[in-house]
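Enquirer: Take a look at the letters that make up each chain.
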Amino acid sequence: MKIPVEKQILSANDTIAAENRAAFDAAGLLALNLMASPGAGKTSLILATVDRLPKPIRPGVIEGDLASSIDADTISARGLPVVQINTGGGCHLDAPQIQTALPSLPLAELDLLFIENVGNLVCPANFDLGANLAVVVASVPEGHDKPYKYPGIFANADVVVLNKADLLAVFEFDVDHFRRGLELVNSAAPCFVLSCRTGAGFDSWLTWLLGHHKMERILACASPSRLG
Amino acid sequence: MHELSVTQGILTVAVETARQHGVERIQAIDLVIGDLSSIVDDSVQFYFDILSQDTLAQGAKLHFRREPGTATCWDCGHQFQVSPPLSSLCPICQSAHLQVSGGREFYVESIEVEDEDTGRKADLERQRHHRG
Chain A
1 MKIPVEKQIL SANDTIAAEN RAAFDAAGLL ALNLMASPGA GKTSLILATV DRLPKPIRPG
61 VIEGDLASSI DADTISARGL PVVQINTGGG CHLDAPQIQT ALPSLPLAEL DLLFIENVGN
121 LVCPANFDLG ANLAVVVASV PEGHDKPYKY PGIFANADVV VLNKADLLAV FEFDVDHFRR
181 GLELVNSAAP CFVLSCRTGA GFDSWLTWLL GHHKMERILA CASPSRLG
Chain B
1 MHELSVTQGI LTVAVETARQ HGVERIQAID LVIGDLSSIV DDSVQFYFDI LSQDTLAQGA
61 KLHFRREPGT ATCWDCGHQF QVSPPLSSLC PICQSAHLQV SGGREFYVES IEVEDEDTGR
121 KADLERQRHH RG
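First to last, the protein sequences are chains A and B.
Under the numbering used here, the letters of the first sequence match residues 1 to 228, in that order.
Under the numbering used here, the letters of the second sequence match residues 1 to 132, in that order.
Derived by calculation from the structure, the hints in this document are not laboratory data.
We treat Cβ as the ideally placed atom computed from N, Cα and C, and that holds for glycine.
Wrong hints could be hidden among the right ones.
The following label-pair restraints were derived from C-beta to C-beta distances [unchecked claim]:
id, chain 1, residue 1, chain 2, residue 2, range
1, A, D176, B, E24, 57 to 63 Å
2, A, P54, B, T70, 39 to 45 Å
3, B, P91, A, C221, 51 to 57 Å
4, B, P85, A, S204, 25 to 31 Å
Below are the DSS-like pairs computed for lysine-lysine, each with C-alpha atoms no more than 30 Å apart in a straight line [claimed, not checked]:
id, chain 1, residue 1, chain 2, residue 2
5, B, K61, A, K2
6, B, K61, A, K7
7, A, K149, A, K7
8, A, K214, A, K55
Pulled a few chain A residues facing chain B out of the computed Cβ check, cut under 7 Å [as the list claims (entries may be wrong)]:
id, residue
9, I3
10, K7
11, V122
12, P151
With the hints as constraints, model all of the structure from the sequences given.
Expert: Below is the structure:
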């Protein structure tokens, strides 16, 4: 006989993800889950965004990597609070790993938390970390067919950043084809075409990010001492 | 590689359900997986055979029901089933104005157990209840 279950396969992860989300909300911070292939520019996007944040916004970073602390060292050198998670070969971050890392961060003193997932366009899509926004970073050298080949991760995105726009001509990248692929699976997510190297296109991305209600509240409530 | 975590999730959900129903042996687990969820069936069964050893689900067979995504053409209204890599054009009118929905399912639908198993457990439950 059959016993009906009707339960999500990753429900144990989802339960912890909900706890993480509650912790982020309690701290009043905005958490971003950055997902991309290796080398698309997740760390570059974090650094270039942090460089342009208005003073009242205090950023922090959780770095997920298979091994090493190369990215965490780069972030730490900028004086940002950072926690490294080494997945030991695991191809994605999961909610329990984030929950374990949170006590190492001064959450009450952060407004914007970047969670840099393991470089991978497949596995991270299935695992809710509890972040408020799923940010998928694609880059021009990967080609304009990525939304068609990896629809799962693009379907889950709240926003898509297409990085390395300074290389569009070199790779004969068809931005319209890329955008249509995104719209195929996700008509709600905005797509920002920018270059972390040159800074081109950054204003629109930053305006969108700072337009999130959590960011707006922090900017509105910023005391004069925190304004730069 | 994420098939390992996914398999652990399947096992956890199935064993929890079996315990709740007082079942001692799970014969099969019915899964519903959308084609846009990147899961390799054979890998999951392979991991499952290892992870389920010494559990209520040891030796259980995994049944996958695959759900395709559906593309709808905004121009001619044609609907067709899709799986990655997605088609960028409508096969009828060649429009690039398509929208894909569905294919995202990712859940345990049911577990299959022997009738006597649940029956015997139900009897035990009733006896326990009578004893007070």
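Enquirer: Give me the numbers of the hints this structure contradicts, sorted from smallest to largest.
Expert: none
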